Structures are given as structure tokens and as C-alpha cells.
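Visitor: Line by line, the protein sequences are chains A and B.
Sequential numbering of the first sequence, starting at 1, is according to the numbering used here.
Sequential numbering of the second sequence, starting at 1, is according to the numbering used here.
Be careful, since some hints might not be right.
Simulated coverage check for chain B against chain A, where a stretch passes if three residues somewhere in it have a Cβ under 8 Å from a Cβ of chain A [to be verified]:
hint, region
1, 6–13
2, 49–62
3, 67–81
These are computed hints drawn from the structure, not numbers from a lab.
Fair warning: this is a prediction, and the values are worked out from it, not measured in the lab.
All C-beta atoms in this analysis are idealised placements derived from N, C-alpha and C, irrespective of residue type, glycine included.
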Amino acid sequence: MFKKVLVANRGEIACRVIRSLREMGIESVAVYSEADALALHVRLADEAVCVGPAPSSESYLDTKAILNAAQSTGAEAVHPGYGFLSENAAFVDACTKAGIVFIGPSPEAIQVMGSKTDARQRMIAAGVPVVPGTTEAATSPQAALEEAREIGFPVLLKAAAGGGGKGMRLVREESNLVSAYEAAQREAASAFGDDRVYIEKAIMNPRHIEIQVLADQHGNAIHLFERECSVQRRHQKVIEESPATNLDASVRDAMGEVAVQGTKALNYVGAGTFEFLVDSKQDFYFLEMNTRLQVEHPVTELVTGVDLVALQVKIAAGEKLELKQSDLSQHGHAIECRVYAEDPANNFAPAPGPLVRYRAPLGAGIRVDDGCREGDTIPVHYDPMIAKLCAWGPDRKTAIARSDRALGEYAIAGIRHNIDFLRWVLECAPFQEGKYTTHLLEELGAYSPKEVEPETKDLLLVAACLSKMNRKVTRETNRARPSNTKPSPWRQAFAPGGGKK
Amino acid sequence: MSAPQTIRRFVALLEGEEVEIEIRSDATGQVNYKVGDREGSAQYSVAASGDAVLLAQEARQLALRVAWEDDDVSVMGRDVSLNCALYPESRFLVSKMQGGIGPGAGTVAASMPGRVVKVLTEEGALVEQGDGLLILEAMKMENEIKAPRSGMVSSLKVAEGESVESGQTMVEISDE
């Protein structure tokens, strides 16, 4: 087993990986950009190395700087988390050349699955059902229009190098195709540096259900059941759960089997996810494979009791998977809500900034994966996710009630966030009944925050006034304090709001 | 015989509206208040730091955390929260006369660094509140920036392809 592992990521996922490493008795090395010098993942790790300035292209995406950090600290392996370098085949190659183990699949597997067109071809060959569409990226807007006509509207435009909904467009009518195609190309070019866009038939009212797989270097592959990820806004997942509701056991088993089949056909090693679209008849189609740990992996961990990160590390170290398919079952129900620094009142625009107050909820069945503490700042440079709030319950109803209760206990000030929006979704009838598709949020219509009743609003305003009146007193008391005991800069830096002004 | 009262007046800017608040509190923990036209009373206690307030009114109790950033305040309790700006009445009136505070401003500034992907309006155009003005790409997402009020685009300060800094004014909207 490794003695020391570098975590090539930031935020909640870096913290999550560091924690598993510590439990395994493995030392952790964090990397950070100048904007993250005091970030929680840096504070949690055994060692930390600055890899460059704030923009991720000059730090977290700088292959050379990260490999230097690994070599200078003597790390034997690199865990990439998700995003950043996690699906970058060139980085995997560079690791191998430097004699460092990449905790993840081979560069070939990343390359094949990273190209949606190649992935489709390989999956068709492996007997995995796919959505009808083109296998090559369109060569021009006109060619795209002709291909779309052939497939039949509505169609989906997708970035060949894409993921996370970037560069994706649904086109219902012919007349909108060219402008949508150009917009998709633009977004794809700026997000991935690759403007290739391809077309496939849009499955209307689909559900997005994915299967978690794990495979070792000895030819063993298992699946860890499904995650229902249909609650999406602009193709970005918002709430995920496991198990999926209203999914026949036979379909669940078939999806798992197909995913294992695909995993074996690729000689895939490590943790991966097969994303499927499931239509109203419960027919399922392969969408893409994510060759990394997923953001929403905790819901799988909560229902299976498995530590996916620990298994990733063991697999990378060459250990055999001890888990057999027959050892696994789904116990209870888990839900993940993604808490974002964004402004629901302003079209969900990212709203990074200082966490003047931050208190995460606790209590039975609650797991919060976050990467920040009160006094930290959600930087403008990266994804504005604050936390993943996961709730487990013996049944779905309890898991929803716990999620809702915990979201209500969250206290965040200084930045706008989507907590009330998440509760609004949890409380809507289709979610409560477990009958929803990827169109849920569109169908729910415009979100408007729940009105606080006037009498309660009065009390909140009164509390603000009383706070203001009493604050003044404490400020004067502070001023009167003798200043012969200077706090250490370390303490200043980590005090709420300290080191920022 | 009642305890001596402290009387203070505040103005809150809440969702674009000015709300006048009068607080009469005494050392026994009794507060009588007037918010707009509504009156009420409650028992209160405030943590020494001012960042926690407990209010009790008849059978209900509200345990609240209060966080300040200059004049902006967040009040957070279980299942409820409120964000507003809160000023002592005297200071509010002075600032308002100087034009420093108030709703209805027509300046559209970038809320974060980004790049203008597309401009959807032009100088002199009449816009309704909510009309798209431009598309800003920030944090790898395209966001449509909408008119905060109806009026005329009196000034367009950015062009397609241009990078903008956080707080930079992009569009100004004035009365027709």
C-alpha cells in the first residue's frame, strides 16, 4: 500500500479524499492555488504545496506543477478527485512516465470514454444499448442540420469532449438548429478547447439513472447499483438519490449487468459510472461513462456501506477487489442535495464571496461533504459548490424528511445560496411521490422563494435591530481591551473573517 | 412602574422597499416594536457579541443568528431567514438625500469577473424590466443579464468579446 498520496484537487472532494487516506494510514499531500492558501483541504492535509496562481489553468490544471509537487514530497500516487485532471489522459501518461501511480483508469479508457463518439462505438460493440444518433461530430452547421433531419426532431446537440451539460442544447424545431449549434460550439470551445458537437435523438421525458462500477487490475468487476440523477437544472444535477424509485428490479439488474459488461469490455480499472437515459417504458440507453469518482458518489456509499475512495486507492495499489457482487445490497435510502453559492433570484448566477456565517446541520442520518468553514471565502475562480448535504434513512420518506429538516438548519450568511430552492424541490409533489423525469424543474416553473409570513418577518427585522443596538456595545468593549497581547498571525488567519481584510 | 425604555428608529431596505422600524426595549428583556404599520411585543435576549438573538412571543420561540457585513444583515433561524440592509433612521435619511441608498437604480454591473459573449441591446433601446441585455460567460456558464428596471439604455459600456471585472458597470438604464 502507498505511504503517501497527493490529492490533485480542491474543495470538498479534496477534503473527502484526504479523510479516507487518513483512515487508511496514508499521508496526504494537498495542492493549492494562491487563492486557496488557507482553504480547508490545505488545513486537513499532512503537507501542502502551492502549484500556482488562482486561475485553474495555471494551478490545478498545471500537470507539470502537480507532478513536481508529487515528486518533491515523495508521493507515490495521485488521486485526481473529479473535474480538473481527473479525465485527462495526457496527465495519466505524464504520471506514469514520472513513476507515479494515477488513481484511476488507464489513459486509453479515459480517451475512449472521453470522446462521446468513440464511447458510443465501443459500447455498441460491447452490447450496451445506446441512443440513436451520429457517431461522428458534425462538420458544419449545414451538415448538422441534415443529420438532425435524418434522425428526426427533437434532437440533442452535445459537445464531443463534453460533460456536465456544457455545450449541450435541446433543439425542438429545424429553424432553431443552426443558432443552437453555433452556441453549443462556442460553449464547448471555451469549456473544453474542443468545439466538436454531435447530434443524437432526444429521448423525451427521460430519467437520468447511472450505475456505479468498480473494477480491479485482476479482471474483477462489480456494480454498486444505481443513482437517480433526474433532478437537473440546465443539465446540471441538483439532487440525486439511491435507489431510484419506480424502477423495476429486473430493469435495475439488467442495467447493472450491462454496466459490468461494458466495464469488462473496456478492461476498465478503478471507479467509473455508466450514465443511462431511461424512458417511460423503462427502456434504457447508454449516455456516457464518467471515468472518475462522481460528485454524487456519497449516496452510493450511504446505501451500500462502501468507501469508494478507499477502494479506488486499494485498486490502484494493485489489491484484489474483496467485494463480490453477491456481498452487495442496497440498504435504506439516501439523498444528496448540492448546496451552491448561487442566486436563485438572479437566474442562478454564481454568487461566490465570503462565508460570514457558516453552520452545517448535524443529526441522525446526515452527512455533509463540504470544503469550507466559517470565515472562508468561496472563490470566484472555481465551481461555486459549498457543500453536498446527504441524508440517509431506512426508507425514502425518512430520507426526504431528514434532508428537509437539515436544510432548514443550515445557516449561511455573506453569500446567496440555493438552500430554499432545494427545499422547494424536495417538497414538490412529483419529487415526494418519486414520479419525476429530467424535466422536473422545467415543469415546476419559475422558482419564487416562499414568502415569510409578515408577523415572522417583523420579528426577524426586530432581531436585526436588537443585534445592531447591542453590537455597538461590544465593539466599544473590544476597543477598551488592553492591546498588549497580540494574537499570532496564524490565529488571525484562521479566525472568522480574519486575514481577509 | 415600568423600567426605563430605550427608543431607536431604523429603516430596513427589504426587497427594494423601505420599511420603518421603531424599537422600544428595556433592561428586563421586553421589546415593543412597530414595523411599518404593525405593532407587537416580545421577550428578547441578545448574546454579548450581538450575533445571536432569542425572541419569545406567546407560545413561539425564535432562536436567530445574525450576521453583519457593513449595513447588510442576514438573520437566520430554523426554516426561516431574511436578508436586508438596515440603517439607523437618521443616517438613512442623510444618505438618501445624497442619492447613496435606494431601490430602482439602473446601473447593471458585473457581479463576477467574466467575458461578454453577446450583446443583446443597443444604446437608446427601450427595455422592459427582465429583458435580456447581454450574455456574460462567467465560471464557464453563459448567463443572461437582464434589465433590473424598465427604461432606456442610456449607456452601453461593453462590447462582445470584452472581459469584465467584478463590479464593473456594463449597462446603464435611465428614464425614457
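Visitor: The structure should be examined with respect to each hint, and the outcome stated for every one.
Guide: Taking the hints in turn, this is what the structure says about them:
no.: 1; hint: 6–13; in the structure: holds (count 4)
no.: 2; hint: 49–62; in the structure: holds (count 7)
no.: 3; hint: 67–81; in the structure: holds (count 12)
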